[in-house]
Amino acid sequence: GAVVSQHPSWVICKSGTSVKIECRSLDFQATTMFWYRQFPKQSLMLMATSNEGSKATYEQGVEKDKFLINHASLTLSTLTVTSAHPEDSSFYICSASSGIGTGELFFGEGSRLTVL
Amino acid sequence: QQQVKQSPQSLIVQKGGISIINCAYENTAFDYFPWYQQFPGKGPALLIAIRPDVSEKKEGRFTISFNKSAKQFSLHIMDSQPGDSATYFCAATLPRGTYKYIFGTGTRLKVLA
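Chain order of the listed sequences is A and B.
Throughout the first sequence, residue numbering follows our numbering, covering 241 to 356 in sequence.
Throughout the second sequence, residue numbering follows our numbering, covering 95 to 207 in sequence.
These are calculated hints, taken from the structure and not from any lab test.
We treat Cβ as the ideally placed atom computed from N, Cα and C, and that holds for glycine.
Possibly wrong hints are sitting among the right ones.
DSSO-like mimics (lysine-lysine), calculated; alpha carbons at most 30 Å apart, straight line [stated by the list, open to error]:
| hint | chain 1 | residue 1 | chain 2 | residue 2 |
| --- | --- | --- | --- | --- |
| 1 | A | 281 | A | 304 |
| 2 | B | 99 | B | 136 |
| 3 | B | 136 | A | 295 |
| 4 | B | 165 | A | 304 |
| 5 | A | 306 | B | 136 |
Which chain B residues stay away from chain A? Per the calculated CB distances, all over 12 Å, these [said to hold, decoys possible]:
| hint | residue |
| --- | --- |
| 6 | 103 |
| 7 | 109 |
| 8 | 162 |
| 9 | 181 |
| 10 | 187 |
| 11 | 200 |
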C-alpha cells in the first residue's frame, strides 16, 4: 500500500514557540491531504483539507492563523502550530489521497506534540 | 446528518471469540465505508472497506456486513486474537473526489489471552 510519512513523530516545545510538522507521500502524488487532531481516547477530528497549490480549507472552529497549513508540492504538506500553548498539546495525524481509485486515504503515523 | 454513530465504546472478548462493532449513518449520499485499526501512538491503518452495492465483504478474519436499508454496517472479527487489541474506527465518505471522511467515535477492543 501507499506510504505516508510524518515527521517528527514526537516533539516537545516551550509555550510561545512555533512547531512545524511535515507530512510526505512517499510513493504517490497526493492531490489532497488532510490534517486531523486526536485527543486521548477520542476520535479523529478533521482540522483542514489542503490541496496542492491552493489555500487550505479549515473546518469550523479551527483557527487558521494558529494552524498554518502549506501544501507546496504533490508530496509534501506541512502543519505549523504557531505560538503554541499547552492546550495545543495533542496527537496530530495527516492523511493523503492520490485522487484516483478506491477513495482510500493513507494515514501517517502521527506526531505527538507536547507544549510545556 | 454528517454523523456516524459507533458502538460499543469498548469491548472485551475472549481469545478465539467473535468481536462485533456496529456503525450507523444518516446521510444516504455516503458511498464508501472503511474500517480503520489504530494502535496506541500510531496512525490509523485501513483494515477493510465496503461500498453500498454489496452486502458483505470478507478479508481473512475480518468481515464487513452492510445493511443499506437500515443505514448500518458492522465489523466482525472472527477468531479474535490478543494482537487484535486496538481501537477501531468506522468511517464514511461522500462520493469519490472528496475523500473527506466522517469518523465514528471509536471502539476500544481488548482480546483476553
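Comparing the hints with the structure gives:
1. For a cut-off of 30 Å, the pair hint linking residue 281(A) to residue 304(A) stands: about 25 Å separates their Cα positions.
2. Proposed proximity of residue 99(B) and residue 136(B) is supported: the alpha carbons are some 23 Å apart, at most 30 Å.
3. In summary, the hint linking residue 136(B) to residue 295(A) is supported, as the alpha carbons are separated by about 28 Å, within the 30 Å threshold.
4. The straight-line distance between the Cα atoms of residue 165(B) and residue 304(A) is roughly 35 Å, outside the 30 Å bound, and the hint therefore fails.
5. Between residue 306(A) and residue 136(B) the alpha-carbon distance is near 24 Å, which keeps this suggested pair within the 30 Å criterion.
6. For residue 103(B), the condition that its CB be more than 12 Å from all CB atoms of chain A is violated, with the nearest at approximately 9 Å.
7. Listed as outside the interface, residue 109(B) is consistent with that label: its C-beta sits roughly 24 Å from the nearest C-beta of chain A, beyond the 12 Å cut-off.
8. For residue 162(B), the shortest C-beta to C-beta distance to chain A comes to about 17 Å, beyond the 12 Å cut-off, and the non-interface label holds.
9. A beta-carbon of chain A is positioned within 12 Å of the beta-carbon of residue 181(B); the least distance is around 8 Å.
10. At roughly 6 Å from the closest C-beta of chain A, the C-beta of residue 187(B) falls inside 12 Å, breaking its exclusion from the interface.
11. Separation of residue 200(B) from chain A is inadequate, the least Cβ-Cβ distance of about 5 Å not exceeding the 12 Å criterion.
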